[in-house]
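**Q** Below, each chain spelled out in residue letters.
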Amino acid sequence: MNPVKKYSNNIQPNWCPGCGHFSILRGIQVAADQLRIPNEQLVVASGIGCSGRLSGYMHSYSFHGIHGRILPFAQGVKLANKDLAVIAVGGDGDGFAIGTNHTLHAMRRNLNITYIVLNNQVYGLTKGHTSPLSEIGFVTKSTPAGAADLPLKPGIISLAAGVTYLAQSFSGDQDQMIDLIIKGIQHQGFSFINVFSPCITFNKTNTYQWYRENLKDIEEDKDYDVNNLQQAMSKLIETDGLCKGLIYQNTHVENPSQHTIKETSLAQQELNIPEEEFQYLMKQFQ
Amino acid sequence: MKDSLTIVIGGIQGEGIVSTGVDLIKILSRLGYYGFGSRRFSSRIKGGNTNIQVTISTRKITAVEDKIDIILALDKDTIACYREELKEDGIILYDNLLTIEETENAEALPMTEIAKRKGSPIMKTTAALAFLGKVLDIPSEILGNFLDNRFGHKGEKIQSDNMAVLEEALIYEEGIHERIRKSLASPMKKISRPVMIGNEAIALGALMAGCRFMAAYPITPASEIMEFLGAVFPKYGGSMLQVEDEIAAINMAMGAGYAGVRSMTATSGPGISLMTEGIGMAGMAEIPVVIVDCQRVGPSTGMPTKHEQSDLFTLYYGGHGDYPAIILTPSTVEECFEDTGRAFNLAEKYQCPVILVSDLMLSLSPQTIDPLDYEKIKIDRGSLLKEKDLESIVDGKYKRFTLTEEGISPRSIPGMKNGIHHVTNVEHTENGLPTEDSEIRKQMMEKRFRKMELLKKENTLKVIENDSDFLFIAIGSTFGVLKEAVEASGNKVDFGSIRMLKPLPAEELSCTFEKYKKIIVIENNFSQQLTAILKEKIGKSDKIEAFTKYDGTPFTITEIIEKIGGMEA
Chain X
48 MNPVKKYSNN IQPNWCPGCG HFSILRGIQV AADQLRIPNE QLVVASGIGC
98 SGRLSGYMHS YSFHGIHGRI LPFAQGVKLA NKDLAVIAVG GDGDGFAIGT
148 NHTLHAMRRN LNITYIVLNN QVYGLTKGHT SPLSEIGFVT KSTPAGAADL
198 PLKPGIISLA AGVTYLAQSF SGDQDQMIDL IIKGIQHQGF SFINVFSPCI
248 TFNKTNTYQW YRENLKDIEE DKDYDVNNLQ QAMSKLIETD GLCKGLIYQN
298 THVENPSQHT IKETSLAQQE LNIPEEEFQY LMKQFQ
Chain R
272 MKDSLTIVIG GIQGEGIVST GVDLIKILSR LGYYGFGSRR FSSRIKGGNT
322 NIQVTISTRK ITAVEDKIDI ILALDKDTIA CYREELKEDG IILYDNLLTI
372 EETENAEALP MTEIAKRKGS PIMKTTAALA FLGKVLDIPS EILGNFLDNR
422 FGHKGEKIQS DNMAVLEEAL IYEEGIHERI RKSLASPMKK ISRPVMIGNE
472 AIALGALMAG CRFMAAYPIT PASEIMEFLG AVFPKYGGSM LQVEDEIAAI
522 NMAMGAGYAG VRSMTATSGP GISLMTEGIG MAGMAEIPVV IVDCQRVGPS
572 TGMPTKHEQS DLFTLYYGGH GDYPAIILTP STVEECFEDT GRAFNLAEKY
622 QCPVILVSDL MLSLSPQTID PLDYEKIKID RGSLLKEKDL ESIVDGKYKR
672 FTLTEEGISP RSIPGMKNGI HHVTNVEHTE NGLPTEDSEI RKQMMEKRFR
722 KMELLKKENT LKVIENDSDF LFIAIGSTFG VLKEAVEASG NKVDFGSIRM
772 LKPLPAEELS CTFEKYKKII VIENNFSQQL TAILKEKIGK SDKIEAFTKY
822 DGTPFTITEI IEKIGGMEA
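Protein chains in written order, with my numbering: chain X, 48 to 333; chain R, 272 to 840.
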């Protein structure tokens, strides 16, 4: 079956024609297909905003939660049932404004889930407001004199938070994106994929054309070592974050939180505790 | 011979004062007595006075008595704070390193001195316990056995030093026994009973109810719940995570609940404020989750280690929008256990957030209880589907939010074939897809609230009748004080508690209230929150009146006795 059909629920997305998010939706569907993830074993969870709608177009278990909190929710799903493939998606506001705290802690918790940020450097669904990833001087309805605050650097702060898989991608380069999503899902730990996904309606600065001209492809650098943290940091500084490809992967981290994931999924645990065991527990209180 | 004795043990915070009080209750509970401890502490780790007031009785008690028989002081503040409360025949036992004004009823004892000589100064609480043992005629082998166990896991040296301190204190001056003796009447039955705090009963109730996931952020007075479950979960296949904040805690708990695990979080007022949006999502997206609120003084950081019952409005009226939620209000440790079990069943049956409300005194007061009843918790997973129930459904056609007569829609969980569906926290169709259709919005809103109708029929009021025209009502730990006050004043008024605040069984309450001239609601908050909710839902405004206290301390038995006296006059 066509991978898109297999993982699509046939709802027409309400994104603007030409929106970068279409490409990411397809990217997730193709990656799931190539990894042969059964539909019922896949959970796609999303936050609020244009990006948040993505989960509603998947033929899989899917969840659309409150703004900025999808990572805690997605981790809860994975902790409950380790056998599920869990993909969280959100926008740049979801992940790097309201939800920054959760993003950083999810990275250091390093549970085996994939987080894809649909990064258009603007708030689209509120009809064009600045984002913490907007460039200085970016004019929006809420920043008529241009954005005044420094943009966050998602790559660098992710490395600082201990992320074990960091990739950046571009809606206009689907082949690479699919490859990075597949590798991200396969990565044993938290994988973060920051996808530059142009908003054709409210961001006239960071357009498809602009990204094509400004994004450096790491894969073109033959000496680049994805396991080298220092090199990853240098690359991000050197390109001011405008690079795509697999930036960093650490496969050696003994995941400090993995022990909380049981061999048997919590959802399948025997819940009844025998009376003798209960009496033993009660004994501790005497 | 007395039927009950009240003892205050006080000293510097961080010296094991509270543990000594709890040890005393545990030791006496092994002999068949009942104990109840009330902690007073401040928001710091070391330094500053801390104390625990313990009442020991031959009968079951639910609050500490106000007047004190024995002050055991390891610092001067304890004596200054409690001298006024000492009964006429009361005694003060104090560490002889303290310089206090000598009085006839005060006895200097070498607690630190013995501890230093036989072990280390921190073991002065062991010496203190030994002296209390002399006062109360506790057999020395009982003390020895208890402490042997108590320090067993702390290493041989600590264990043997403590035993040496105990022995030395026990042989200290033969004659002292006659001077300071305070004998308790024999207990009715010489059986050993458990000692628990409300938070332990909540955690144990959760475990027995099949809860296998908890995410939480530490906060006084709720942390014991995460600590207990964190310790026992590995053995039973569960997980407890300390997460970055309460917002993460509620959302992670919901993620686990959505994926089919019975899950919970526990917090206090500040955490409830942060969780409120998430709780609304659990209502909207029909996710089972249990939230425990151990109330303390608010608003904002309030008085973190003091007692109040002022979260009722925020829990009852909740966050933005309309959504169903269930609020349970246990008022004893035993009810903490049972109602937590019930909370998980209700959460799955009604697919909504269930909030279990405690308060600082109920959550933290160590007390002797009758053994908890295993049979009280029976796991019922409501309309959770099994994979085979979905066999006949065409893939993609399962309706997660199907409109039913009772409003409850059978639920599939991720991993189940043919149960695939979308869930969104925006308004949605029966398939779970977003919609802005007015008719569907109306139907879905009615469906979610229809679920609560079934619950309104459940009996949740407990009333102890004494053939009076007055009914006193209290929830949480205040009920225990009320019970003691009514009994001490000769059972002159009826009294009771409400075990489920939301949905409030208004008809049942209205019927009961009909019989009374006055209903007096005793509560620890300024704006008469419980009273206001009752008046709003039941009417009878002229009959219902509030009796409030909002200084951060719980009601004393005397305060309520005086109120009862006032009603009769």
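In short, the hints are calculated from the structure, not lab data. Any given hint might turn out to be false.
[Unchecked claim] Derived DSS-like pairs: lysine-lysine, alpha-carbon spacing no greater than 27 Å straight-line: (1) 425/R with 330/X; (2) 713/R with 808/R; (3) 834/R with 330/X; (4) 330/X with 670/R; (5) 789/R with 763/R; (6) 808/R with 834/R; (7) 330/X with 428/R; (8) 814/R with 330/X; (9) 659/R with 129/X; (10) 814/R with 728/R; (11) 688/R with 129/X; (12) 688/R with 330/X; (13) 52/X with 460/R; (14) 461/R with 52/X; (15) 688/R with 53/X; (16) 53/X with 460/R; (17) 647/R with 330/X; (18) 670/R with 230/X; (19) 808/R with 330/X; (20) 53/X with 668/R.
Values in this document were obtained by computation on a predicted structure and should not be read as measured data.
**Q** Output the indices of the hints that this structure fails to meet, ascending.
**A** 3, 4, 8, 12, 13, 14, 16, 18 and 19
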